[in-house]
Amino acid sequence: MPQNEYIEQHIKQHGRRLDHEERKRKKEAREGHRIAKDAQTLKGWRAKQFAKKRYSEKVAMKKKIKAHQESKVNGPATPKEDDGEALPTYLLDRQTNNTAKAISSSIKQKRLEKADKFSVPLPKVRGISEEEMFKVIKTGKSKHKSWKRMITKHTFVGEGFTRRPVKMERIIRPAALRQKKANVTHPELGVTVFLPILGVKKNPQSPMYTQLGVLTKGTIIEVNVSELGLVTAGGKVVWGKYAQITNEPDRDGCVNAVLLV
Amino acid sequence: MATVIPPPSKKQKKEAQKVQEVNLIPDDLPNVLIKFQASDTGESVGGSIRVPGGITEKQLEELLNQLHGDIDEPVPYTFALLNKTIDDKSETGSLVDIKDNLYSSVLQPGIKTTEDFLTLVYTPRAVFKVKAITRSNAAIAGHGSTILCCQFAPNDSGRMCSGAGDSTARIWDCNTQTPLYTLSGHTNWVLCVAYSPCGTMIATGSMDNTVRLWDTDTGKPLGKALTGHSKWVSSLTWEPLHLVKPGEKPRLATSSKDGTVKVWDSTRRVCLLTMSGHTNAVSCVKWSGSNIIYSASHDKTIKAWDISAQGKCIQTLKSHAHWVNHLSISTDYVLRKGGFDHTSTKVSSKKLSMEELRAKALEQYEKVAKVGGVISERLVTASDDFTMYFWEPLKSSKPVCRMTGHQKLVNHVSFSPDGRYIVSSSFDNSIKIWDGLKGVFVGTLRGHVAPVYQTAWSADNRLLVSCSKDTTLKVWDIRTRKLSVDLPGHSDEVYAVDWSMDGKRVASGGKDKMVRLWSH
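Protein chains in written order, with full-length UniProt numbering: chain G, 1 to 261; chain F, 1 to 520.
Chain G on its own, in the form it takes in the complex:
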């Protein structure tokens, strides 16, 4: 909490005065008197400011009252704004959709559908720089070569993966940061199950990270949901399903994800 918010802090700790509500009500009730007094006694610049504010308030109020009265008696006083869609009587009840309009609306609809298809719980993620992602490993007898990189984030490596010979391995995925399972939450059922990861579908940071199987916040992973017993419309058991990672695995040491349904 910032240093200057000591009043709020005090209220939080000790509560308000017992007669706070009553004092507030009374003060509000006397507001009219205060304004009247100000109007009479204020001098100079402050009086000018006060008068200006008061004038604009009154104008707004009068306009509002007038509009209300007129709408009750004979409808809106001013002609309707022209929206360029006036139609003769013989076309009024027809669904004559303008061709250009129809096309544009269909395009919009398509875009919306497309966006829907790819809409995920976490649409935006924080960008991660290469410096943060990779640690440079110096090699060579006098440690003057620096072509090796080590990934500092958690990764998923497929089953039966064998590291390349150390001499050639450019990017190292540390064994300690490898994840095989994720805590996947079903958003509708509200249950969380520890499910094996099948693969990394997409890492929003970069296609290279997708290839490397880096697990960061927002990454779409495929999980094995056979444990959940989900069934397709056709009656088959669903095996793999997509989920999105909701935490930063390198901060928590585990992978939490939400199932995309």
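If you are wondering where the hints come from, they were derived from the structure by calculation, not from laboratory data.
Model, not experiment: these values are computed from the prediction.
Treat the hints loosely; a few may be bogus.
Stated by the list, open to error - Which residues of chain G face chain F? A few of them, derived with a C-beta cut under 10 Å, are: (1) P88; (2) T89; (3) L91; (4) R94; (5) P196; (6) L198.
To be verified - Simulated DEER-style distance windows between Cβ atoms: (7) G/I103 <-> F/V75: 51 to 59 Å; (8) F/A450 <-> G/S56: 50 to 58 Å; (9) G/I103 <-> F/G247: 41 to 49 Å; (10) G/W239 <-> F/T279: 44 to 52 Å; (11) G/L122 <-> F/T279: 32 to 40 Å; (12) F/S230 <-> G/Y55: 37 to 45 Å; (13) G/Y55 <-> F/T182: 42 to 50 Å.
Ideal placement from N, C-alpha and C gives every residue a C-beta, glycine not left out.
Given the coordinates of chain G, assemble chain F onto it according to the supplied hints.
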């Protein structure tokens, strides 16, 4: 690279080599016996006459004028053959128009032989001729939004009123092509405008559920808005001038989306009658010359209200299978015209008293309304079910005939000023012409490339102008059934079109916010 037209096929080549028929009248054509019969009264003139089989229309006209005895001032006529077979039970047979000469239109197609006795029905053509409009005089900006309706004054072709989406109606001076008055008062779109048949008042109906009356000379409102409708006003119609009681002003009938039709007193500005029988929005209302109001509704029915019996519903016409969009009475044009005609100007119309106007209106009305000596008003209704029905509502509640052919909904129908033809404009891009006495199909006018919204007749029945979504106006020749002039100019859909009473001008307006005036 330009596209090369494919070479003609063998069939086409053979066709081209064939001897082409020339419309020549053979020399050895015998004489035929004919009889002239008036179309309105049914009287026959001059008994049976022996004429050459190849007699032209011009010669027939001369002959008839001689029989009538008006050689100094010959009246132009159109002739049609009364094609009545013996087994035809109905009193009147179908009519076959005679174009150019008797041989090519009757004898050559084999409708009748030279042995037969021919009855020719004649209709006087309008003595004046309207020239087809060919150019745009002016595009006048002024309205701030889409123009939804426009109408010329009956007494003066120099005045035109248009209603728009900017909540105003404007009166324009067409002689100088300038705005004259702005009629502001409505708070929402002005959907319909109508000049009274006496030419002194304008009524405007709006989206804000009100109707307002305005003075045509000063552009000032006549009293406050007429309130009463609970939804927007869809259509307006004035009482025909010959029905107005002496010393009174014509009454106004309005229809609304709320399903009611109201009759208003235009002097005291109060609602006199409310006719609420429709169960859905009323789309169109027309006041006929026999003091009956016809209303077409989205509840698929057309109702006839007798105003002389305090608005009693005397007929409900049910046949349509979908919304009824528009209706037209055979005397529409003459009722709108009131006591004026094509020669009326602002100065001459001022000189006439109300009594004179009323007498003239009655005379003009009877001239158009009488068929075979009896007043008969025909009704045609256009619907969303792609068909139209032809009614004689005072004789029967059953339709006379069903007019099919359109492939999309029919938006607008109108009788020609003399009641001889009906045109229907449809969203299938076509306009169809129908016979105005029997409802028989006559022809199709194709040319628009988008839905046709409205049509307007020239006062002499010879020409028709149509407005469409394809941003053009087109002038059609009714006689040849061909496009006469194509009038591009608007930059967006054209919603409203009207032809002035003297035929000199056409006004149109639409989505591009410009009022355009057209002339020859």
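Hint check results:
no. : hint                          : result
1   : P88                           : holds, 5 Å
2   : T89                           : holds, 5 Å
3   : L91                           : holds, 8 Å
4   : R94                           : holds, 9 Å
5   : P196                          : violated, 62 Å
6   : L198                          : violated, 57 Å
7   : G/I103 <-> F/V75: 51 to 59 Å  : holds, 57 Å
8   : F/A450 <-> G/S56: 50 to 58 Å  : holds, 53 Å
9   : G/I103 <-> F/G247: 41 to 49 Å : violated, 60 Å
10  : G/W239 <-> F/T279: 44 to 52 Å : violated, 59 Å
11  : G/L122 <-> F/T279: 32 to 40 Å : violated, 55 Å
12  : F/S230 <-> G/Y55: 37 to 45 Å  : holds, 42 Å
13  : G/Y55 <-> F/T182: 42 to 50 Å  : violated, 35 Å
In this structure, the hints that do not hold are numbers 5, 6, 9, 10, 11 and 13, in rising order.
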